[in-house]
Structures are given as structure tokens and as C-alpha cells.
Amino acid sequence: MSLHLWIIPLLPLAGAAINGLLGKRFPKAMVNAIALGSTAAAFMYALWVAVQFAGLPADQIPHIERYATWMTAGTFSAEYGIYLDQLSLVMLLVVTGVGFLIHVYSVGYMEHEGGYYRYFAYLNIFMFFMLTLILANNYLLMFVGWEGVGLASYLLIGFWFLKDSAANAGKKAFITNRVGDFGFLIALFLLIKHFGSLQYETVFKAVSAYPVEASAGLLTAIGLLMMLGASGKSAQIPLYVWLPDAMEGPTPVSALIHAATMVTAGVYMVARSNAVFNRAPIALAVVAIIGTLTAIFAASIGIVQTDIKKVLAYSTISQLGYMFMGCGVAAYGAGIFHLMTHAFFKALLFLSAGAIIHGLGGEQDMRHMGGLRKYMPKTFWCMTIATFTIAGFPPLAAFFSKDEILWATWASGNHLLWLIGLIAAAMTSFYMFRLWFMTFFGEYRGVQADDTHHGHDSHDAHGGHGTPHESPMIMIVPLMILALLSFVGGWVGVPSALGGSDHFDHFLDPVFTTYAPAPLAAEATAASHEDERGTEIAFMLISVGAAALGFLGAWYLYFKRTDLPAKMAASAGSIYTFVLDKYKVDEFYGAAIIQPIILASTNILWKGIDATLIDGAVNESAVGAQDISDGVRQMQSGNIRSYAGWVAFGAAVVIAFMVWKGVR
Amino acid sequence: MVPLSYYLILSALLFACGVAGFLIKRNIITIFMSIELMLNAVNLTFVAFAAELRMLSGHVFVFFVMVVAAAEAAVGLAIIISVFRTRETLNVDRVNLLKL
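Sequence order for the protein chains is H and C.
298 is the number that this note's numbering gives to position 232 of the first sequence; each next residue is one higher, with no gaps.
78 is the number that this note's numbering gives to position 69 of the second sequence; each next residue is one higher, with no gaps.
Don't take every hint at face value.
Stretch by stretch, here's where chain H covers chain C in the computed footprint (C-beta under 8 Å, at least three residues) [stated by the list, open to error]:
{"id": "1", "region": "21 to 32"}
{"id": "2", "region": "96 to 106"}
Incomplete in silico selection of chain H near chain C, CB under 10 Å [unchecked claim]:
{"id": "3", "residue": "SER703"}
{"id": "4", "residue": "GLY704"}
{"id": "5", "residue": "ALA717"}
Don't read these hints as lab results, they were simulated from the structure.
A virtual CB, placed ideally from N, CA and C, is assigned to each residue, including glycine.
With these hints in hand, go ahead and build the complete structure from the sequences.
Next up, the structure:
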């Protein structure tokens with residue numbers, strides 16, 4: 067039975083094509099109808115697919131649809147095909163669902179912006195590539211989606227391309243991702259070389275024949291290269307630097323691409339390749355360590371940022387670190403669970419932040435906010451739910467997912483990583499409540515007059531904003547839906563320790579156990595012992611305690627004693643500015659990598675090879691030809707008798723030659 | 010009977026005179042006449058060999074050369090007249106429009 071899954075990615079593509087090619091002449095309502103209609107249709111179809119999927123017998127999962135052969139080269143071939151299993155189904159629903167809500171929100175947010183049709187065409191093309199990425203049935207097609215979402219991300223970060231910072235941020239994102247893509251590509255080449263295929267089931271079956279690698283081997287190499295690719299796309303150390311800059315894009319884009327969906331592609335890829343990672347413990351450990359380090363590193367930067375979107379950007383990096391942490395301890399289900407809840411609450415956070423920025427006429431600096439609770443109560447309540455969720459308070463969604471990751475980390479024996487993760491969780495809670503208190507409580511610190519400082523989002527068409535105002539309903543409704551999802555989204559995965567059935571994990575289990583090596587598979591089935599139940603609950607209490615600690619800290623510093631943070635910053639001195647400057651990582655990369663490349667390119671490649679060697683060779687041969695011609699030109703005197711002389715001379719030479727030949 | 014080498018030497022001398030006149034003289038008419046001289050030097054060689062080897066083909070060739078020479082003279086003189094009409098000179102050094 068075919069579910070005709072090809073329809074899902076093609077719907078947004080059609081929307082993008084229509085809006086992109088003809089949208090300039092359409093009225094806004096028409097652009098809206100096409101963009102939102104195609105996304106809504108994709109979401110509806112995805113829901114229908116989910117219902118059908120539930121009715122599939124277990125032996126038909128994964129449900130694979132093959133449409134055509136894409137390319138053949140020798141024994142290698144890649145095809146157009148779709149691979150639907152529990153993992154891609156979850157991703158499918160998250161991407162289409164959250165994507166649709168953000169489309170709706172964008173209608174309100176982008177109302178006053180130029181290039182309206184362009185924006186929605188880009189957004190739709192992003193949906194197309196993202197769906198290609200998650201539905202592909204081979205790595206090559208996944209790579210097409212992988213690059214495609216990178217392109218869409220580039221286009222949308224640089225949406226206000228007249229602004230230098232936006233154009234540069236787009237470039238930075240694209241080039242940084244290229245470094246990761248290089249790793250991913252090499253991993254694919256290794257797969258082709260050793261397994262002769264990129265089809266998921268072929269590769270996974272072939273990998274299953276390998277033992278778990280005790281030391282670094284082929285699978286470790288593939289795993290590490292894949293992780294390099296994932297760290298580019300999912301903004302992990304060392305390639306995370308592009309994501310904070312990506313906030314130059316419109317806020318709904320930050321919500322959709324740089325928080326909810328695209329940046330989780332790396333997590334998806336690692337989880338999808340679990341057959342490889344399970345057999346490469348070293349690569350898996352690297353994933354866990356990178357994830358954990360990123361989680362705490364980004365959280366520490368997030369604490370001192372003052373731009374509301376930058377805080378959320380670092381928070382995204384940190385949360386993505388948690389997902390990798392989960393995948394790195396082979397708890398892929400927990401990682402994907404956090405991916406899903408994160409999609410809900412981070413989209414909500416960004417969209418709420420967008421509503422605030424919209425309501426303040428483009429102001430993004432939290433120091434100029436405050437007291438907004440009065441002006442935008444609906445946004446306040448949505449933001450409150452999101453903040454409590456990300457901080458990890460029960461019974462909100464992220465409590466279950468983050469806790470599952472932390473518990474899996476402890477249970478796998480990585481106690482140090484667990485501790486770091488816990489500290490990062492406390493920091494997360496702190497900086498999120500700091501944001502919450504700074505924006506919604508206290509007195510409004512913005513400029514009341516008409517000459518409001520117009521910040522990044524350039525709502526110039528708005529004119530001046532006297533007082534902050536609530537956003538239109540078309541922006542608030544998606545917020546409410548996402549708030550609801552952030553609230554209840556975690557309930558599908560209530561762990562057994564709390565009397566739940568851990569439904570989400572069991573749903574995903576087939577994906578992660580089918581190709582697992584024997585000892586791991588046994589471990590997975592024997593997991594969740596009764597005797598660990600008490601310990602697990604104790605650990606939950608510890609995480610909630612950490613979140614509460616963060617809350618109290620933020621409450622004391624940013625609500626009770628608002629004078630303290632500045633004093634503390636002053637007394638911390640250089641350490642504070644060092645963190646404020648994001649640990650000078652950008653500067654370090656600039657000095658260590660970018661400058662040498664620029665210098666080498668200018669002096670060796672450009673001036674040395676291009677200008678001197680290549681241009682030199684071309685110019686010299688031209689000059690040589692000119693010199694020879696100048697000499698030969700002297701023969702063309704126009705004097706008939708000299709011509710006659712040349713003829714006679716030539717004849718004499720020929721005769722002399724023939725005589726000489728004849729003599730011999 | 011006059012030996013063949015005499016004819017050939019005379020022919021070579023005539024041809025050399027023709028070449029020298031062709032290179033040295035400036036008047037187009039003279040140059041033209043030098044060309045005729047060269048042609049006839051060659052003709053002399055042809056008939057000398059034809060007589061020596063008793064073959065008719067040498068004579069036939071001479072007739073062909075004479076026909077071509079006559080045609081060339083007709084065309085050449087026409088060109089010379091038209092050159093003289095436009096340039097009002099017969100000095101080849103001044104007929105140098107092709108010069109760069």
C-alpha cells in the first residue's frame with residue numbers, strides 16, 4: 067500500500083514556486099492563501115499519514131516508498147524514495163505542525179515588511195527541503211535536504227540584505243555550515259566505499275554485521291565525520307558561532323529554522339545513524355562530550371546577553387547540546403523527545419520574543435524593556451509557560467524530556483557529564499527567568515516618545531511606537547497553541563518511575579533497537595528496573611531543585627535587588643566582559659583561521675598564483691606574439707619590389723635546397 | 010649541332026636578366042617586360058629540351074606558356090593603364106596603398 071508520501075514535500079514546493087515566481091503581482095491575501103494553504107495541506111496530510119501509520123502492521127515498518135532511480139554510477143545507485151518510520155513520523159509532525167503555526171504567525175509579524183511574497187516563498191522552500199531531509203530513504207537525498215535547508219536559512223537570515231550585518235550573518239552561517247558539510251560528505255564517501263550504497267536499510271544491515279569497535283576504526287571515523295556535519299548544522303562546539311548571528315533574520319525565521327526545526331537536523335541525523343554510532347563507542351562519547359560542553363558553554367554566555375534574541379539563540383545552542391548529550395549516551399529516544407518538546411517551547415519563546423519586539427517597534431535590548439506584563443498580558447502568559455517549561459518545572463514538557471536525558475546520562479555511568487548537565491540546567495533556569503523578569507516585571511524602561519530606537523527588525527513602516535502594545539490575534543493564536551503544546555507535550559513520555567508508561571520512548575524503540583548491537587539491545591529491553599525507581603525520582607527532585615535555584619537567583623537579582631547585577635558585573639570586571647564577548651571565540655576564529663586564510667588567499671593564491679603565474683603566463687604569451695608579429699610585419703612593406711625580392715629569395719632557397727638534395 | 014648546355018646557359022642568363030630587371034626597375038612597364046623575359050627564358054629551355062630529347066610535349070608547353078603570356082599581357086596592360094589613370098605614375102614605389 068502506498069501512502070503517496072511524495073505529496074507532503076511537494077505541497078510546500080508548489081507554494082514556493084507559485085509565490086516565488088508570480089507572487090510579486092499577487093495581493094497579500096493571495097500570497098497568504100498559497101503559503102499557508104500549502105503548509106496547512108501538508109500538515110493535514112501528515113496527520114492522515116500518522117493515522118494510517120498507526121494502522122500499519124509492525125513488519126511493514128519502516129514503510130518505504132520508492133519512486134524512481136535518481137542516479138546510477140557503476141554498482142552505486144541512489145533513488146528518490148521515502149522512508150517512514152517512527153522517527154521520521156515524529157519529525158514530520160513537528161516540522162509541518164510547528165511550521166504551519168509559524169507561517170500563521172508570520173502573516174501578522176511581516177505585515178509591514180517589504181518583500182512579503184519573497185519571505186513566504188523562502189519559508190515554503192525551507193519546508194520543502196526540511197521535509198526532504200527527514201523523509202529521504204537514503205543519505206544522498208537527505209544531503210540534498212540538508213544543503214537545501216542551509217540555502218533557505220542563508221536566504222532568510224539575509225532577508226534584510228540591504229543591511230550589512232544581515233548579509234554577513236547569512237554568509238557566516240553558510241560558510242560555517244560548509245565546514246560541517248565537508249565532514250558529512252566524507253562520511254558519505256566512506257559509506258559508499260565500504261558498503262557500496264547510501265540506502266538506509268542497506269547501510270544499516272551492512273553495519274549490523276560489524277562488531278562494536280573497541281578502538282577507533284571505520285565506523286568511528288564515519289561517526290566522527292557525521293558528528294562534524296551535525297555540529298555544523300546543529301550549532302555545536304566548535305561550529306556554533308553562526309547561530310547567534312543568524313538572529314539577524316526575521317524573528318519567525320529564528321523560531322522556525324534556527325530553533326525548532328532546521329538546527330535539529332543534526333540530532334535527527336545522529337539518531338537516524340544510530341546503527342553506526344552504537345558500534346563506535348568513541349564517536350558516541352565524543353557526541354556526548356560535545357553536547358554537554360556546548361550545553362554549559364552556551365548557557366554561560368546566555369546569562370550575560372542583553373539582546374533578547376541572543377539569549378534565546380544561546381539557549382537554543384545549549385538545548386541542542388542536551389539533545390546530543392542524550393544521543394551520546396545512546397538514549398536516542400530521549401534526545402528526540404527533547405527535540406520535540408524543544409520545538410514547541412523554543413518556537414513559543416521566539417514567537418513571544420517576536421511579539422514583544424513587534425509591540426515595541428523593533429526594540430530587542432532587554433535593558434529597554436520591563437513591566438511589559440501590563441501592556442501585553444497574553445504574550446506574558448505564553449512566555450511564562452515557555453519559561454517555566456524550559457527551566458524544567460513539572461509537569462511541563464521539558465521537565466520530562468530534559469530529565470530523561472539527565473537520567474539516561476547518569477544511568478549510563480557518565481556521572482561527570484550528568485553533573486555538568488545539571489549545572490547547565492540551573493544556568494538555563496537562571497538566564498530564562500532573568501529574561502522573564504527583565505522584560506515583564508519592574509518599570510518600563512523604554513523610550514516613551516515617538517523617536518523609539520529602531521532596532522534589528524526594522525519595523526520602520528510602523529512609524530514610531532509610543533507605548534508598547536499587544537500583538538494582533540493572528541500572532542497570539544499560534545502562541546496559545548504552542549503554549550498548550552509546551553504544557554502538555556511532555557505527557558506522551560511520562561517515565562515509568564512517575565507511574566507513566568514512557569509511551570514516547572517505546573514508540574521510538576523499534577527505530578533504535580532493530581540495528582543495535584546485541585548487548586545494547588538486551589540492555590534496552592532490560593532497562594527501567596524497579597529498584598532504580600527511587601533513584602530516578604530522587605534525581606528528578608535534584609533537577610527540579612536546580613531549576614528552582616535558578617529561579618530564586620534570577621528573582622533575587624533581577625526582581626528584588628535590581629541594583630545588584632550591575633555591581634556584580636563591575637566587581638567581576640574582566641571576567642564579565644570576557645563572557646559578554648562570548649569568550650572571544652569569534653575573535654579567536656578570526657585570528658586563528660579566517661585571517662590566515664585571507665592572508666594566504668590574498669598573498670599566495672591571488673597575488674602569487676593568479677596575478678603572477680596565471681595572468682603572467684597569459685600576458686607573456688600575448689606580448690611574445692605581439693613581438694613576433696612586429697618583426698614579421700616589417701616584411702609587409704607595401705613595396706612591390708621588396709615582395710618580388712622575397713619571392714626571388716624564396717625561390718632561390720627552394721632551388722638551393724633541391725640542388726643540395728640532388729647532390730646528396 | 011649546338012650543344013644543349015649552350016641553350017641552357019643562355020636561358021639562365023636571360024632568366025637572371027629578367028629577375029634582375031624585375032627587382033631593380035621601378036617602371037611597371039619595364040617590370041612587365043622583365044616578366045616576359047623570364048617567361049621566354051623558360052620557353053627557350055623547353056624547346057631546347059624538346060629538340061634534344063625529340064619529344065613534342067616541350068613544344069606543346071611552349072605554346073601554352075605563350076598563350077598564358079599573351080593573356081597576362083592583355084590583363085596586365087589593362088591594369089597598368091587603370092593604375093596610371095588613378096595614380097598618374099608608373100613608379101611601383103609609389104603604388105604602395107597596401108602598406109600598413
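Hint by hint, here is what the structure shows:
With a cut-off of 8 Å between beta carbons, the region 21 to 32 of chain C has 3 residues touching chain H; three or more are needed, and the interface restraint holds. Coverage of a stretch by a chain is defined here by at least three residues with a beta carbon nearer than 8 Å to that chain's beta carbons; for the region 96 to 106 of chain C and chain H the count is 5, and the condition holds. Annotation: SER703/H was flagged as interfacial toward chain C, and the flag holds, the nearest CB pair being 6 Å apart, inside 10 Å. Nearest Cβ of chain C to the Cβ of GLY704/H: about 2 Å, under the 10 Å cut. The hint holds.
Restraint check, ALA717/H versus chain C: the minimum CB separation of about 9 Å is within 10 Å; hint holds.
Checked against the numbered hints above, the structure violates none of them.
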